[in-house]
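Participant: As they're listed, the protein sequences go chains P and X.
Take 1 as the starting number for the first sequence in this note's numbering and just add one per residue.
Take 246 as the starting number for the second sequence in this note's numbering and just add one per residue.
Don't take each hint at face value.
[Stated by the list, open to error] Computed spacing ranges between beta-carbons, pair by pair:
(1) X:Pro-352 / P:His-5: 30 to 38 Å
(2) P:Gln-27 / X:Val-328: 17 to 25 Å
(3) X:Val-328 / P:Pro-42: 18 to 26 Å
(4) P:Leu-188 / X:Trp-320: 49 to 57 Å
(5) P:Leu-215 / X:Gln-286: 36 to 44 Å
Derived by calculation from the structure, the hints in this document are not laboratory data.
Source: prediction; values computed, not measured.
A virtual CB, placed ideally from N, CA and C, is assigned to each residue, including glycine.
The primary structure of each chain is shown beneath.
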Amino acid sequence: MWAGHLLALVLVTAAALLGYWQLDAWQTRRADEARDLTRADPVSLASVMGPDDPFPGRSVGQPVTLAGTWLATGTVFVSDREHDGRDGFWMVTPLAIGAADGPAVPVVLGWVADPASAPAPPQGSAELTGWLQPPEGTGEVDDDPTDDVVPQLRVADVVQHVDQDVYGAYAIAQDGVDGLPAADLAQLPDAGRFTAVRNLLYAVEWWFFGAFAVLIWWRWVTEQRSPAPGVPQDEDEDQPDTVKT
Amino acid sequence: MSRLVTAYRVLAFVVGILLAFCSLVALPAKYLAAEGGSLQQFGESASIMWVAHGWIFMIYVVVAFLLSRRAGWSWGFTVVALVAGLVPLLIFWVERRVVQKLKAENPDLVEVAHSEA
């Protein structure tokens with residue numbers, strides 16, 4: 001009797017743990033794949049999107065090469081950005097792609113603790129690699145629209161600071177510019193729908209077996225209490241299938 | 246033969262085939278064949294059948310359990326019948342034992358019924 005209870009407990013616990021393990025593997029492998037996309041070889045910005053295109057959903061986190069001219073006067077600081085657990089700002093300077101009056105991509109140069117201690121924005125032309133990110137925007141209110149600190153990296157805000165068209169995207173410089181620590185990637189790409197789906201299926205399987213073990217356990221206990229006299233199906237509501245063919 | 250018994254036999258057969266294929270073909274190919282070779286690749290891809298085995302085994306377990314209660318098997322035999330789907334080739338033997346046992350103990354379940362339409 002005790003052995004039976006013990007066996008049931010062990011089986012149920014094992015099934016639950018194995019299910020969690022598979023679920024965890026599923027999540028880990030998806031996160032890994034998402035990170036892998038950000039380690040892809042950089043491609044030119046033009047091959048991903050044009051200045052007037054909507055953000056290409058599949059290219060979240062895609063490394064792109066950007067070449068152009070810094071628009072130092074368009075520099076803004078985005079508030080509430082963490083780095084190594086410290087609260088601070090992103091320093092963002094738009095980069096005019098191609099000609100100096102070409103459409104601009106806001107580039108996150110890196111993280112600063114305080115805009116007052118930030119280095120002077122870069123000047124001249126530059127070529128760099130950054131992760132492409134869709135613009136932010138959840139309608140957070142900029143409590144002081146006149147300064148250079150913005151709550152979010154929105155195209156509509158950046159446009160106020162430059163004289164040209166702005167891409168519907170921003171880039172995070174892979175290596176911080178001017179010695180700034182590189183900003184952390186805000187948005188990772190989505191893993192493919194079927195990535196590691198096998199682990200998810202296994203997780204469901206394990207939990208099913210765990211639940212089924214509970215059912216068997218319960219049946220066993222009920223039958224131990226009132227031994228069914230030979231024909232146990234009378235009290236069995238689990239078997240509608242009594243049709244004979 | 247009752248539908249339950251037919252379902253049990255079909256499921257036992259499918260689970261048995263899948264398990265034999267996975268454990269005796271796909272598994273050795275994946276782990277014993279030369280790394281990167283076409284046989285190893287095959288084993289890698291064929292391993293997806295484990296998922297099929299697992300899901301069909303879930304149905305098998307339910308059906309086998311229902312049958313065990315219908316036929317009034319002892320708990321020991323019930324557990325053997327359930328676990329058979331996890332030991333390669335065992336299930337083929339268990340399936341034969343089950344049919345024999347049913348014929349001996351529950352002829353109403355295995356014989357062609359005349360009583361009901």
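Participant: Are the hints correct? Go through all of them and say.
Facilitator: Hints, verified against the model:
Judged by the Cβ atoms, the range 30 to 38 Å given for Pro-352 of chain X and His-5 of chain P holds: they are separated by roughly 35 Å. Hint check: Gln-27 of chain P to Val-328 of chain X, Cβ distance near 30 Å, so the stated range 17 to 25 Å is violated. Range check, Val-328 of chain X to Pro-42 of chain P: about 54 Å between beta-carbon atoms, so the 18 to 26 Å window is missed. One distance hint, 49 to 57 Å for the beta-carbon pair Leu-188 of chain P and Trp-320 of chain X, holds here, with the actual separation near 50 Å.
A hinted range of 36 to 44 Å for the beta carbons of Leu-215 of chain P and Gln-286 of chain X is consistent with their spacing of about 40 Å.
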